[in-house]
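A.B. asks: Residue numbers (my numbering), protein chains in the order written: chain A, 1 to 106; chain B, 1 to 263; chain C, 1 to 164.
A portion of the hints provided could be inaccurate.
Computed cross-link-like contacts, DSS-like style, restricted to lysine-lysine with a CA-CA straight-line distance of at most 25 Å [said to hold, decoys possible]:
hint : chain 1 : residue 1 : chain 2 : residue 2
1    : B       : K131      : A       : K21
2    : A       : K88       : A       : K11
3    : A       : K21       : C       : K51
4    : B       : K72       : B       : K131
5    : C       : K62       : C       : K51
6    : B       : K36       : B       : K188
Covered stretches of chain C (chain A as the covering partner; in silico rule of three or more C-beta atoms under 8 Å from a C-beta of chain A) [as the list claims (entries may be wrong)]:
hint : region
7    : 75-88
8    : 138-151
Far from chain C by the CB rule (all over 10 Å, computed), these chain B residues [unchecked claim]:
hint : residue
9    : R6
10   : P44
11   : E45
12   : M49
13   : M89
14   : A98
15   : A101
16   : R103
17   : C116
18   : R145
19   : T157
20   : R170
21   : A194
22   : P234
These are computed hints drawn from the structure, not numbers from a lab.
Where a beta carbon is used, it is the ideal one built from N, C-alpha and C, also for glycine.
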Amino acid sequence: MARTLINVPPKAKKGEVIAIKTLISHEMETGYRHDNVGKAIPRDIISLFVCTYNGLEVFRAELFPAIAANPFISFYTVATASGTFEFKWTGDNGFSATESVNITVE
Amino acid sequence: MTPAERCILAIGALAWAIASTLLVALAAEIPLNERKSGYEFMGPETRAMQDDDSANPGSLWVFDGEASWKRKVGTANKSCADCHAGESMKGVAARYPAFNAARGRPVNLDQQINICRTERQQATPLPLEGKELLALSSYVGRQSRGMPIAVTIDERTRPFLEAGRATFYRRQGQLNFACAQCHDDNWKEKLAGAPITQAHPTGYPLYRLEWQNVGSLQRRLRNCISGMRVDNYPLGAPELVDLELFLMWRARSMPLETPAVRP
Amino acid sequence: MMTDDDMMTDDEATRRQFMIGAASLAGGLVTVLPVTEARATPETMQAAIKKVVGSAPLRKGKVALHLPPLVENGNSVSMDIAVESPMTADNYVRAIHVFNEKNPQSNVISIRLGPPAGQAKVATRMRLADSQRIMAIAEMNDGSFWSDEVDVIVTIAACLEDPV
């Protein structure tokens, strides 16, 4: 699976707005480049990123080739209860990566 | 003019030639306290990308390197961790290139990793500039982050330092350019809209936005050398390692930033 | 041997030479120009925006889009978007869309949010193929649209440079 790096605070207070940072290794080949003999290099990007928190979708992003390689996405969410964040990236050529991180909310 | 007058004139001209050459040579090198890392030439957003481990794309390579470090490979079925058990690699990257007695010359960190792979792990060497080797050198390099660059210059390494220095100051290629002309003399200026840095290798291997990838110092040197329209050296060439040694010595005591981010 | 050229009057010869010249010039142009690839333009950007906004008015405000004014390398440009909103059940940002003027394609990213976000603030990194205008549009739960735009200067482009 592609290497991912997620930053979620391990602990938070109920109601606190926390920052989540995500990084995944992926070339995000735009489809607009050509190789050294002039042949077009086909598009190969991550096109969707979804984050669910204890099963509830809290963030969704549709990505286009304009998103830089090794996509970095950071967003905010309200810490409601202890549990699990699930992150899922999907894209061209059947690309799929998932990661989950736990959080303790007091 | 009498012979005596001609003699005095000749001596005067010679003295002037020596003095001006000396002055030029002295003026060329950047004073130690005026050295700046490439970090200082970047905008705040790119600096923030480097400083935040969660946002630094190089972190992906560091974590891949950590996984490689623990993986058993080769007919010896050993991982790096097996030999270096509990031993931190802190300070290691800051002192490479280092002298290798068996080879009678300095080797850089990538070469040392491959020496370990072939001689200790009995595994095939990793391709230079390949993802796994860069991941390992990123992982090792990260552990020296913040430490002063400190390559050893002694009677064994000095000849190679001088060879690297000669390359740095030599005018070469179609443009008859020397590295020093940009990086010693014109680092306050811009080239095609981009700032000319002082060329200190303070963060290798680093994530270069241009490459959209992590790359080694040798990759960067090859880019520069081909940009100067000079016959290039292949990856791993001794001339490149000599130049790496000189550049690291030139950057001595500057803190290592691996994995850095550069435009 | 007699050729057509010999039979023509001076005027006709001149006109024929001009036509041949023009044709070969045109032919030359066709072979010399690279194949033009699809590129966003301010018009396609407006069309992409219209698809999202429809006939609703697009108001300036509430959205703060941040990009470095002078981009060091178009391959990866840090972008921050913040939208003023309490993010409560009856007053929240439903979506954020980002558009560009001169990349090969007008869309950059489309984000869906809701009250669980707490704050409508997102950061990512985008590619920029040329100096251009970038626009971020926030869609509120009441169907209103708010925007901000930034002009950036790019000297080293993304997308259009082939890998070495």
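A.B. asks: Please go over all the hints and tell whether each is borne out by the structure.
C.D. replies: Hint by hint, here is what the structure shows:
no.: 1; hint: B:K131 with A:K21; verdict: holds, 24 Å
no.: 2; hint: A:K88 with A:K11; verdict: holds, 22 Å
no.: 3; hint: A:K21 with C:K51; verdict: violated, 30 Å
no.: 4; hint: B:K72 with B:K131; verdict: holds, 18 Å
no.: 5; hint: C:K62 with C:K51; verdict: holds, 21 Å
no.: 6; hint: B:K36 with B:K188; verdict: holds, 11 Å
no.: 7; hint: 75-88; verdict: holds (count 3)
no.: 8; hint: 138-151; verdict: violated (count 0)
no.: 9; hint: R6; verdict: holds, 56 Å
no.: 10; hint: P44; verdict: violated, 8 Å
no.: 11; hint: E45; verdict: violated, 4 Å
no.: 12; hint: M49; verdict: violated, 6 Å
no.: 13; hint: M89; verdict: holds, 28 Å
no.: 14; hint: A98; verdict: holds, 31 Å
no.: 15; hint: A101; verdict: holds, 37 Å
no.: 16; hint: R103; verdict: holds, 31 Å
no.: 17; hint: C116; verdict: holds, 30 Å
no.: 18; hint: R145; verdict: holds, 21 Å
no.: 19; hint: T157; verdict: holds, 33 Å
no.: 20; hint: R170; verdict: holds, 25 Å
no.: 21; hint: A194; verdict: violated, 7 Å
no.: 22; hint: P234; verdict: holds, 15 Å
Of the numbered hints given earlier, the model fails hints 3, 8, 10, 11, 12, 21; all others are met.
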